Each structure stands twice: as C-alpha cells, then as structure tokens.
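Protein chains in written order, with this note's numbering: chain A, 173 to 768; chain G, 173 to 768.
Keep in mind that the hints were calculated from the coordinates and are not lab data. Quick caveat, the model's predicted, so the values are computed rather than measured. Hints should not be assumed to be uniformly reliable.
Copies of the same chain are indistinguishable here, so a pair counts whether it falls within one copy or spans any two.
Heads up, simulated DSBU-like pairs for lysine-lysine below, C-alpha to C-alpha not over 35 Å straight-line [as the list claims (entries may be wrong)]:
1) K652 / K729
2) K480 / K540
3) K659 / K452
4) K208 / K299
5) K540 / K559
6) K652 / K452
7) K436 / K699
8) K540 / K403
9) K452 / K699
There are 2 protein chains.
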Amino acid sequence: MDSLVDLLIVGAGPAGLMLALWASKFNMRTRIIDEKNGRVSTGHADALHSRTLEIFHSFGIVQDFMSRAYHINEICSWNPDPSNGEEIRRTQRVVAQPSHLSRFPQSSLSQGTTEQILESGIRSEGKVEVERNTVPITLRLEEKEGYPILVTLRKIGENESARTTNTSSRKDDEIIRAKYLVGCDGSHSWVRDQVNMPMEGQRTDTHFGVMDIIPLTNFPDIRKSSVIHSKNGSVMTVPRENRLVRLYVQLGETAQGSRLVNPKDVTPEMILTYAQRIFKPYQLDFRVCDWHSVYTVGQRLAPRFDYKNRIFLAGDAVHTHSPTLGQGMNVSMQDTFNLGWKLGSVITGVASPKILSTYNDERHHVAKTLIDLDKEMTGFYSNGPSKESEDYQSFRDCFSRFLSGVAISYGPNALIADRSEQGLTEEVRLGQRLPSHKVVCNAEGNLVHLSDFFPSNGAWRILIFAGDVGSQSQFDIVQKIGASLEKFVNQFSSFNNPIIEVFLIHAGTRDFNILDLHPVYHPWNDKLGWDYWKVFSDDVGDFEPCRSPYEMYGVDKQRGCMVVLRPDQHVSFIGPLADFDNIQRFLSNVLIFRRE
Amino acid sequence: MDSLVDLLIVGAGPAGLMLALWASKFNMRTRIIDEKNGRVSTGHADALHSRTLEIFHSFGIVQDFMSRAYHINEICSWNPDPSNGEEIRRTQRVVAQPSHLSRFPQSSLSQGTTEQILESGIRSEGKVEVERNTVPITLRLEEKEGYPILVTLRKIGENESARTTNTSSRKDDEIIRAKYLVGCDGSHSWVRDQVNMPMEGQRTDTHFGVMDIIPLTNFPDIRKSSVIHSKNGSVMTVPRENRLVRLYVQLGETAQGSRLVNPKDVTPEMILTYAQRIFKPYQLDFRVCDWHSVYTVGQRLAPRFDYKNRIFLAGDAVHTHSPTLGQGMNVSMQDTFNLGWKLGSVITGVASPKILSTYNDERHHVAKTLIDLDKEMTGFYSNGPSKESEDYQSFRDCFSRFLSGVAISYGPNALIADRSEQGLTEEVRLGQRLPSHKVVCNAEGNLVHLSDFFPSNGAWRILIFAGDVGSQSQFDIVQKIGASLEKFVNQFSSFNNPIIEVFLIHAGTRDFNILDLHPVYHPWNDKLGWDYWKVFSDDVGDFEPCRSPYEMYGVDKQRGCMVVLRPDQHVSFIGPLADFDNIQRFLSNVLIFRRE
Numbered sequence: 173m174d175s176l177v178d179l180l181i182v183g184a185g186p187a188g189l190m191l192a193l194w195a196s197k198f199n200m201r202t203r204i205i206d207e208k209n210g211r212v213s214t215g216h217a218d219a220l221h222s223r224t225l226e227i228f229h230s231f232g233i234v235q236d237f238m239s240r241a242y243h244i245n246e247i248c249s250w251n252p253d254p255s256n257g258e259e260i261r262r263t264q265r266v267v268a269q270p271s272h273l274s275r276f277p278q279s280s281l282s283q284g285t286t287e288q289i290l291e292s293g294i295r296s297e298g299k300v301e302v303e304r305n306t307v308p309i310t311l312r313l314e315e316k317e318g319y320p321i322l323v324t325l326r327k328i329g330e331n332e333s334a335r336t337t338n339t340s341s342r343k344d345d346e347i348i349r350a351k352y353l354v355g356c357d358g359s360h361s362w363v364r365d366q367v368n369m370p371m372e373g374q375r376t377d378t379h380f381g382v383m384d385i386i387p388l389t390n391f392p393d394i395r396k397s398s399v400i401h402s403k404n405g406s407v408m409t410v411p412r413e414n415r416l417v418r419l420y421v422q423l424g425e426t427a428q429g430s431r432l433v434n435p436k437d438v439t440p441e442m443i444l445t446y447a448q449r450i451f452k453p454y455q456l457d458f459r460v461c462d463w464h465s466v467y468t469v470g471q472r473l474a475p476r477f478d479y480k481n482r483i484f485l486a487g488d489a490v491h492t493h494s495p496t497l498g499q500g501m502n503v504s505m506q507d508t509f510n511l512g513w514k515l516g517s518v519i520t521g522v523a524s525p526k527i528l529s530t531y532n533d534e535r536h537h538v539a540k541t542l543i544d545l546d547k548e549m550t551g552f553y554s555n556g557p558s559k560e561s562e563d564y565q566s567f568r569d570c571f572s573r574f575l576s577g578v579a580i581s582y583g584p585n586a587l588i589a590d591r592s593e594q595g596l597t598e599e600v601r602l603g604q605r606l607p608s609h610k611v612v613c614n615a616e617g618n619l620v621h622l623s624d625f626f627p628s629n630g631a632w633r634i635l636i637f638a639g640d641v642g643s644q645s646q647f648d649i650v651q652k653i654g655a656s657l658e659k660f661v662n663q664f665s666s667f668n669n670p671i672i673e674v675f676l677i678h679a680g681t682r683d684f685n686i687l688d689l690h691p692v693y694h695p696w697n698d699k700l701g702w703d704y705w706k707v708f709s710d711d712v713g714d715f716e717p718c719r720s721p722y723e724m725y726g727v728d729k730q731r732g733c734m735v736v737l738r739p740d741q742h743v744s745f746i747g748p749l750a751d752f753d754n755i756q757r758f759l760s761n762v763l764i765f766r767r768e
Numbered sequence: 173m174d175s176l177v178d179l180l181i182v183g184a185g186p187a188g189l190m191l192a193l194w195a196s197k198f199n200m201r202t203r204i205i206d207e208k209n210g211r212v213s214t215g216h217a218d219a220l221h222s223r224t225l226e227i228f229h230s231f232g233i234v235q236d237f238m239s240r241a242y243h244i245n246e247i248c249s250w251n252p253d254p255s256n257g258e259e260i261r262r263t264q265r266v267v268a269q270p271s272h273l274s275r276f277p278q279s280s281l282s283q284g285t286t287e288q289i290l291e292s293g294i295r296s297e298g299k300v301e302v303e304r305n306t307v308p309i310t311l312r313l314e315e316k317e318g319y320p321i322l323v324t325l326r327k328i329g330e331n332e333s334a335r336t337t338n339t340s341s342r343k344d345d346e347i348i349r350a351k352y353l354v355g356c357d358g359s360h361s362w363v364r365d366q367v368n369m370p371m372e373g374q375r376t377d378t379h380f381g382v383m384d385i386i387p388l389t390n391f392p393d394i395r396k397s398s399v400i401h402s403k404n405g406s407v408m409t410v411p412r413e414n415r416l417v418r419l420y421v422q423l424g425e426t427a428q429g430s431r432l433v434n435p436k437d438v439t440p441e442m443i444l445t446y447a448q449r450i451f452k453p454y455q456l457d458f459r460v461c462d463w464h465s466v467y468t469v470g471q472r473l474a475p476r477f478d479y480k481n482r483i484f485l486a487g488d489a490v491h492t493h494s495p496t497l498g499q500g501m502n503v504s505m506q507d508t509f510n511l512g513w514k515l516g517s518v519i520t521g522v523a524s525p526k527i528l529s530t531y532n533d534e535r536h537h538v539a540k541t542l543i544d545l546d547k548e549m550t551g552f553y554s555n556g557p558s559k560e561s562e563d564y565q566s567f568r569d570c571f572s573r574f575l576s577g578v579a580i581s582y583g584p585n586a587l588i589a590d591r592s593e594q595g596l597t598e599e600v601r602l603g604q605r606l607p608s609h610k611v612v613c614n615a616e617g618n619l620v621h622l623s624d625f626f627p628s629n630g631a632w633r634i635l636i637f638a639g640d641v642g643s644q645s646q647f648d649i650v651q652k653i654g655a656s657l658e659k660f661v662n663q664f665s666s667f668n669n670p671i672i673e674v675f676l677i678h679a680g681t682r683d684f685n686i687l688d689l690h691p692v693y694h695p696w697n698d699k700l701g702w703d704y705w706k707v708f709s710d711d712v713g714d715f716e717p718c719r720s721p722y723e724m725y726g727v728d729k730q731r732g733c734m735v736v737l738r739p740d741q742h743v744s745f746i747g748p749l750a751d752f753d754n755i756q757r758f759l760s761n762v763l764i765f766r767r768e
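Build the full structure now, drawing on both the sequences and the hints.
Right, dumping it as structure tokens:
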C-alpha cells in the first residue's frame, strides 16, 4: 500500500517550515522531509523584517522572536573622513524605518533560532512532524486527478545525500502518492532538477566575508547597525542577540583587481584583517566567533515557480542573490506563506484550484524585483564611497518599504479585484497587506491591535468600516448590509468553520450595546453564546495619545467603506458601503459553496 | 546517608513555585514536594495584579501570561434602577487603574495555567523539579548550625495524604537535612501545625457562590468586569480567557436571615438561580460550567510568618480571607518572592543571615492590611446597595493602588534605609518597588523599559541619575563617583558574579560615546568586550510622545540623585549624587565581602 498525502514538502528550512505551519492550520495530511540531520546551529540568515514578524504573529509565535531578537532602530552611516581619508567618521544616523510602517520593527536573530521557533510552533499544533535524514529518490507526475504525484522516499545514513545515494530501489524505500509537492530544498534543489527547470542569471567575482563575532572594539556604534564605506572597502554591521554582531566585509575580487580571494581559504582571522583596515581609526578584535562564511555576489532566478500547478518551488530553490539586503530568508518564508493557504483552501475544498496559478504570478514578480534591487545594493557596497553612501538617508528611503516587506503588492488576478475603489481608503491599498492599527474592542473596552483578530487560519475577512453607527441613518445602512451579509456568508461559512468572518469597525462612541446590531456582527452559538470580538470602535483617544484607526486607514467617517482580506491579510477588494453585489460576485468566483 | 539540601519547600502551589523559581536563579540545592498528584486543572484563583505580572516579567516568563490572560481595563458598576427597584441599571464605567501605575494591566487567568507557566519557567532553568505525591512525615529543628532541620519524606499512594498516612516509618521513607524549610502548604498547613502556630481570626456565616461559565446572556457588560448591587443580592463578574466569565454570587447566610445555605449543597444551577434574580432585567444562562465552588467569608492570620528564622510559612498557610479582592494568589506569591532572594543571598554567602527577620516584618504587615481591607470589601458586597456602590469610582480609588500591589511599602529595617531623602525623587518611594519607565539605551538607540535590565537574579542595583552629562561639571562629578563606585563594588562583585550592578541614567543628549565614561558604567570582559547595557538616556521624545523618565521619576535634571534597589526591585536607599559614603555604609551592613 502506497501512503497517500495531500502535501509533500521537500526541505525543512524556513520556507518548508512556514508551509508546514499552514498545513497544520488546515489540517492537511502532510509530510515534510529534510536531507539533513538537524537544524542549522549557527550563522546563516539573520534578518527578520517587519512583514515576516507580522506573519509570525498571525501564527501566534511572534513573542518568542520579539523577546529573543535584536531590534534595529537606528542605522549609522560612516564614510571616509575628509581630513584624513584613511580613517572613517560618522556621517549620518538614520531611523531604520518609520514606526507607523508596522507594529513590529526590523530585527535580527540567528536562523537556527528562527527554525527552532517555527518548529516548536508546528509541534504545538500536533499535526505535522519533520522527518530528517530523509530524501526523495524518484519523482513522477502522472496525468490524472486525485494523487498524481508519485515519490520514492528513503531514510539515508550520515554519509549519504539525495545526490549521492544509489537510486536503485532498496527494501526500506517508501512510495507515497501526493496531491501536491513543494520543493523548498535550497539553491541546489533536487525537485527543481526533476522538472528540468534551469536557473537564469549568474555569479560575479565579488566576494564578501561574513562573520558572527562578539566584538572587542572601541567603535562607538557597534551596537547599532552600521554601513561603513572606507577607502579600504566596505563593511555592514548588524547587532544580534547574545552580544553577537554580524559583519559583512568586502574582500575583493577573484583573479582581477588588486586583491585576490580564494573563497575556500577565507578564515575569520582573514575577514578580521580586512575589517580592521576599514574600521580605522577604531580597533576591532574578537575572541568569540560563532560562525563565518564567504559569499560570492550573484543573482539567479527560475523562469517559473510552479510545474503544471501540481509541483511548486519556493525560496532559494528558485531565487538566489546576495545576503546584503537580508532578504533571502524573509522572501523564502513569504513565498510559502503565499502558497500555503492557497493549497490549503484548494485541498480542503474551500476554493477553486484556479487560484493556484496566482502563486507564480505573485511571487515570481517579487523575486524579480528583489534581484534588481540586489544588483543595485551590491554595487552600493562594492563601489566604494559615493554620493549615495554620503547621503545614506535618501538612498535608504528609496527601498526601506520594499525591504520591510509591507509594500509587496499583488494582482490584479483571480484573488485581487481589478476594479479599484482606492479613493475610499488612502492607506489601505489594494493588493497590499492591511496594516494593523489599534482599535478598541467594543465589548471588552480594551485597546487592541486589529491584526490580533486576523490569525492565519484560512478565513477570509470582510471589514465593514461603518462610520458613526450612532446616527440612525448609518445604523440602518449597517443593519441592511448585515442582512445581505448573513445570507451570503452562510452559503460558505458556519460558526465552527468560519470561511468568511465579518468585522465591523465604527467611528462613533462605544456607548451602545453591540447586541443591538444585526447578529452577523456578533454570531451566536448555542453553547458559546455571542461572539464579542467582531465589533471595534475607533475611539482609541480614551486610552493613548494616538491617531484613530479611521485616520490611520484614511477612511472617511461619513462615507465608510468595505474591505475584503484574503487569508494572508492582503487586500482583495475595496468598495463603498452600499456596493455589496460586487463583493458577492468577486468572492463567489473564488470560493466554493458549502456542501452539507 | 541522609541527603542534604539548602532549601526544602513543602507545597507546589503558586507560593511554592515562586520560591522554586528563586531557588533556580540562586542555584541552591532545593527540593520541592507536593502532596497532590498534579496541578489544579480548573477554577481556583484567577486574578493577576500588576505587581505580580512585574514579578513574572523579572523572571522572564510574563509573555506567556500576557498573551493568554484577559486584561481588565474597565469596570462597570450596576445598581438598582430607581424607576424599577427589581431591575438593575449601569451607574458607572470606571477605568480599572491608571495606566502609569504599572507597565502591566490587571489581568485574569485560571490558576492552573498560572501554575503551569511557573512550572515551565522552573523547568527551563533546569535546576529544580517538583516532586508530587510526596509528603513530610516528621519535622525536627535541632539547635545547631549547618543543616538543623530534619525531615522524613514519603511517597504516598493515591488515597493517602500527609494527614492520613501512618507515621510509623516505612522502608522507602527518606530522611533529609535542610538548612531552611518553607511551608507553602495551604490553609491546612502541616508545617504550621508542626511549629504549633495557631491561626487567629474566624469565619463568618456569609457565603458566596463562585463559578466559571461561558455565559449565554444579553447583559451588555458581560465581557467587562462588573460590580452589581441589586435588591436581590450582589454579583461580581470577571471575564477570563477562552470566553469564560467568573461570577461571584452572594448566596445568603447560614442559619440566619431569610435564605439558608448549606455549602455542601451548592450546585452551579443553584448559583445560577441566585444570579438570575440579581441580573434582572437581563437573562443569564450557561451550558458550559468549567468550575464552581462556594466560600464562606472569614479572615484568619498567623501571629508570625517564621519559626526561629529557620522555618518559614507563606501564602494561605498564614493568611486566609475572601476571594473578593482577588488577592490571595498574588499576595501568596509575593510572600515567597520577598523571602526567596533573602534565603538565596544568605545561603550563597552574599548577605548576612540577619536579613531573614525582615521577611516576617515586611509580609506580616501586608497580610494584616489585606485582611482589614477584605473585611471592608466583603461588607461592600454583602450589605447591598449603598452610597459606596452608587459611587464605585470613589470607593475604588481608595484601594486600587494597594490591590495592584505596587503600593506595598517596606521598612525601615535592615534592608530599607531609615534616613529618607525622599525629596530628591517625587515618584521613587523608599520601601516601594521602583516603577518601570521607558528610557533609551544609549548604545543601541532603542526605546526600552528600565525594568528589562533588572531581572530577578539576586543582584542589587545602584542607579545613578546623573543629570546632563553633556555639561563638563556634571561629567566630572559622574567620573568621580565612578572611581569610588568601582572600588566599592569590586569588594563584593565581579563581571561574572554581579552582586551589585551600576546603571547610569542621564538627562542629556545621547550624542556622546559611552566609552568616554568611567568603565564602571560599561564593565569590560576580555572575552565579551564592553557591557553596553548600563547607560540610558531620557530623550524618549525621539521615539514616542511620552513623558521623559526624569519627569516620571520626579528627579531634578540638575541635581540628579542615587537610588539603591534590592534584588526584588524595592527601593532601599535614596541619596544625593555626592553622598556616596552613606550608600557604602548601608550596603556594607548587609552584604558580605567577597572571599576569593
């Protein structure tokens, strides 16, 4: 008997683990395998950008990151001292990103810790378990419905890998049939090879040394992220947890220019020597080096991220670039965050399989943008002091929104409406993730973040920005919408299986009883009573000196509007309060009626 | 061979677990035993007040509480409707406590979850393990130094208890010798009996029913804490996690008055019937009742909390009262939070044993105050509608600081100076815990809470409020203090074993290099480099519209001051910047010079 699974994930790095989190939420039959024996222990990726932390929050695991990571607030820019070109002096202190961009700041934490927190998150769901020392040996996609993917799995020994193991069958090999397969198996992806997907692009001859050290130094900004351009090369520093600081040090080029580098020969001491020249007049040394590596700048991209919408590729398997922007791990996890709920919705029969093609459309475009930016940024570091390096603030302003991950925009496509009513909401942007702002929970009288109520559980959300429901005319409109909403929502969704959730955010006082509203805004259950966590007020001024959510979202308090969020918190649809028909039409095109 | 331990804790409820946390931090040889098979699963205490959450934060475990607990912001007061005395109407909405009181709000969470989080905290330290189904059989205090306490321990079966097990010796009984013993074994304390400590005070005949239900109701404030006085009795409601709401319902009195109650007969349905009469005109029902109980109002207090400064008692073992104030579990944990660092400091040779007598002085006084307040509060509920119930705001204002736990004040005694320089710091009060306010970490340029740097690890802290170190004269004073401090601190403390930590909080710009300050403000280690987490600035305005820490603490920016904190964050000493001699004299009287 072959075993049947909904989803097979090859690779348990950050991208694979993020997908396994989604799989746990959708309760899909899922296997996740990894060639290696355990998680990475030191080094590797360490940047966690705002959107990534928002995603962790949506899975209920962000606190572990927040309490362990270093939060980057200020970035210092250093350039050659005009009075002594061999030395550096601080030219600017730059705020890393405006605080309204996200509730979570840019942070840094070792990849091993990140993987460990993700894996604990998966373990606490109790649905999926990572199988290590396990590789796929053969892969075949058959032309049929159901479980068209046939894979042979093998437990390997310590000295074997997917590429070295003998492909002739062994008696312990296991054959499984899967509905979908996702390759999260890194830049040397075995899955990508099986579908004959070539990478496009190339490596350069520019090398950077990377090391995680506890610095012994009198450099005054060592506990701030610093961007250093000197006549002797460039360094970027990123402080970390446990007194560590990561240094990216420009080493020079292979077989050209004045300094020759053979990546295999690079030691921490060698990276230190380069760094010491750049840090002058400051001293730099270390006794503790946690990890070091060398990378060769290069940008490569796969032409597609899927194969016949049955086999998908994510992360390093389809895009590689320099670590200069600290984006690799973030974009990789965001790939599978994008893919996971789509697979889950299709597999559980909630959504039409046609939505799967949006994965390639949405994420290939992001990877292409990233690779273009990476070329610009590696130039910024390797070209030496420049006008940009002297005015780092202006340079950074151009890309900080993209880097934070919150400016990523999708569509129009099957999941993002093409008819934009963008004028209704200046700060809620079609295709982008909804920013979270503080609101007051009407029933509990507490200041809360709106995103606390949008966990990643596969549900769509309709947000009714209802205006001032204290006015009778507005209240009547809201009740009328309630009646239409209830009829529509109940076709897909139930109390125990909420495929569509309705939220009401009003701009009036919260001195009214939410039970007077239509029950769609506070659903009833015979055992659990009313749902008190669907109605929010914008009178945050009672609690904190902060701008109201209507101001933050740029919604007019008279006119209001309706916003539809996908399960990944991206905005699918924006429309006027009256225009419920278009929402119905849009969602009916994506979701499948409940069969009961 | 008898086994030797520094500390034996009898009872693994909240008080015992809190003590075990301290024991883990001090790495004392500790055993903690509990008669029961496991933790409480439902019901029992559920209030967590601000100071308790601050204490959890100091042990690094507050996030689990914050993310699971319900946060009480508003309290609603209900009284008889003047137009229809049989029905109730809302008379006030009251803010539970001013936000500046503490960084953590009043919260509620089931006792079982609280115990579970405490136990995980202990387990993650890896030093102490709770031994269940284990009771003490005999206890003897010998007149000698070293390990004067002799206890026989026994593993008991399911149907045995400390009181029912046969005291004749069995072959598996274990004899241990302990330096100190703490009885956290509840209101029927076996340890208290062994030292012949009678409780003083008595029970009344007033009964309250308590139940945790998921309410089915149209009462509009069911998700806010409500204080309800009706002509048919009183109810207090406290919302909780997982849709639960706790109700305290006045049942009547035994053998007098119109309603007779036999506590043994009380069912959830009976409590509901009483509640329904009080809630009129609103409906109330439930299908889910998580837990219920009945309590008889009474206040009892032991005359002392210690026996010869070798055996200590804490929590319900020495004070019991009604649950009306939600104080029992909080004050119990605060008992052992007070005791733990004192025992730890004495056992590890850091402090003189004479400090142990402050435990009884400090905590007996708190328990006495609580019991007086409890009498007042049970009257408030059982006496029916009154002037106080109509103006709940004014009534609550009288005791909300005490209830939050932040107003608890100790001394003067061996650990709290008697010479107060209170004028230097309007909002830092001698004997009280230091409130935490936001500051800027000079080296990292991040907004942080000062208390993040005061973990419960046994260290004393000297806080130098240095004023504007940008002025040369102020800078010179700070450097001079630095030299004296270094000489003094090094007599007790080292980089790896910091018995005294020095922090500098300045009121100038953070545009200077902290490495220019005396090294006592950024201690050096050959492997770990400089310590960057000791110098803070008050220019929080760069980050948030909030008042600066100098304003919040009421410290003059010109004059500055010095504050000494005990390991439990209570203020031991306040003095002017120049007056270092008095700090030396005070601390030398408590701490023991390092022997190396």
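For each hint, the structure was consulted:
1. K652 / K729: within (18 Å within a copy, 60 Å between copies)
2. K480 / K540: within (21 Å within a copy, 75 Å between copies)
3. K659 / K452: between (70 Å within a copy, 33 Å between copies)
4. K208 / K299: both (21 Å within a copy, 32 Å between copies)
5. K540 / K559: within (26 Å within a copy, 71 Å between copies)
6. K652 / K452: Between copies only: 31 Å across chains, 70 Å inside a chain, cut-off 35 Å.
7. K436 / K699: between (65 Å within a copy, 28 Å between copies)
8. K540 / K403: within (32 Å within a copy, 72 Å between copies)
9. K452 / K699: between (70 Å within a copy, 22 Å between copies)
Of the numbered hints stated above, none is contradicted by the structure.
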